[in-house]
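S.K.: Sequence:
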Amino acid sequence: MEYSDSSGNVEQADPSQSITNTSNSQIVVAEQGVLVVHPQEISHLQVLSKPKSRKLLLMSLLSTGAVAVLIGGAVRWQYALTHEVTDRAYVATDTYAVNTRIPGQVVSVAATENQIVKKGSVLVKLNPLKYQAKVKQAQISLEQAQQQVKKATTNREAAKAKIKNQSKIQVPGQNDAVVVAARSQLKAAQSKLKPVFAAFAKAELDYEHFVKLHQSGNTPLKTLQDSKTKYDNLFKQHNSSIEKVRLARTKLTTAQQNYLDRQIKSAQQKVEDARKSSQEAKAKLQQKLELYRKKVLDNQAKSQQKIEQYSKNVLEVQAKVKKLKADHQKAVIQLEKQFAAKQEQQNKAITRLTTQKQVVTQQAETESLVLDYEKSQIYLKTAQTRLKQAQTQLKNAEYQLYYTKITAPNNGQINIKRTQAGQKVEPGQTLMSLVPQKPWIAADFEEEQLKKIKPGQSVQIQLKALTDKTFTGKVQSVLPPSKAQYNHLRPPVKISFDPKTLGKYKLLITPGTPASVKIEL
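The numbering of the sequence shown is the numbering used here, which starts it at -18 and goes up by one.
Just so you know, these hints were derived from the structure itself, not from any lab.
Heads up, a few of these hints could be off.
List of simulated lysine-lysine pairs, PhoX-like, C-alpha gap at most 25 Å [unchecked claim]:
no.	residue 1	residue 2
1	Lys132	Lys183
2	Lys209	Lys100
3	Lys450	Lys475
4	Lys175	Lys225
5	Lys265	Lys225
6	Lys173	Lys450
Treat the numbers as computed from the prediction; the structure is a model and nothing was measured.
Start from the sequences and build out the full structure, keeping to the hints where you can.
M.R.: This is how it looks when you write it as structure tokens:
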């Protein structure tokens, strides 16, 4: 081994020897290719080498240093190719705002700041009395609505059965002006009934509802009185509308019956006219026959003296009389047949028209039943709507009662408490904040580095507050470089901790703690 003192002289020495110096000079030792510099405190070593050896030592030192630099550079270059490093990172975590969904007064606060809570733990209680009363009221309303639907269904089925029992009645269309006008008035009156029925059905069900609630002490008298007033007004309107329809139907029925009476009278007159016409025709035939017979008898009397002379003529005349009688008889029979046919035709018309008069009355009754059925349909539909509303109200009331107990949305630690017992709160108001025990690292990298980083890559994490511990994790997400350039709200890389490495340090890791990360590519 070569060594030198502070004077710059070099001397050859045995490598196995142990050198101990106490001077202030620097001793450079080459041990297995590694340069070691030792401070010394004495400088009484002798000069044992020549200038040539000195140059050799200097060259050896320079070569060894160059090799060391190259090796170190190669190691660093290799590491840079397989890792991305940044110290622009910090611990982050999500924060849950614990809000109230309903208005109320705080009865008690079960959580304190920095307290560790579990998901579902009751943090704050609001006064539940008002909401318990709402649930009870909604339950009463639901029971009543169910009864109203049952009653309305029974009435509807009864009205439907009455319609089924009625035969289908069809009155032929009449073009009589009076009938047409009466029918138009009836349709106009009927068209106004449905909205009246709907409004009245709702008012009636509402009134029954408030009567029930008032009896149980769940609604004020003023509400009941207002409901009664509305019901009374619509009841009058309902009855007035029904009366208008009744009058219009009576007017139409009268017009139809008058029309049919005129038609029957006309048919009867036609029968009478046919009878007279037939009688007149038979009388003319009889008169013609009598005249011819008289003429024949006169001729016979005149030619009695010349019987033999005119016998041949008498026989011819008698034959003509006989034929005339036969023709007369045929003509009479034909007239009677024609009369009988006309009489039968008109009698059928009279029977049909008489039946239609009865049908008109039945039609009025059937339309009344149909109107009752339509009314029951509207009533049932309104009751079913009320039932759905009652179900929804009960559900909402139960939810509101449930919300009087405000619970932790997740496992975590209470960060900031902003409420106290006796305080009145409004929906959406934040009562406290909860930090879940799932910290993560927000890391910032250069744009060129971001191009190499992908989700799933392994990460080593060191926190400045815990320098003796190295945590592991994985890249969860990477914001694209183009978006990261304009995003000043959060760093582009999100890194999650491996839960196994957190262990006892979980409670010691707080948001905002600076960190450095090494991502293995």
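S.K.: If a hint holds in the structure, say so; if it does not, say that too.
M.R.: How the hints compare with the structure:
1. Lys132 / Lys183: holds, 15 Å
2. Lys209 / Lys100: violated, 50 Å
3. Lys450 / Lys475: holds, 20 Å
4. Lys175 / Lys225: holds, 14 Å
5. Lys265 / Lys225: This hinted pair is violated, its Cα atoms lying about 60 Å apart.
6. Lys173 / Lys450: Given that 25 Å is the threshold and the Cα spacing comes to 84 Å, the pair is violated.
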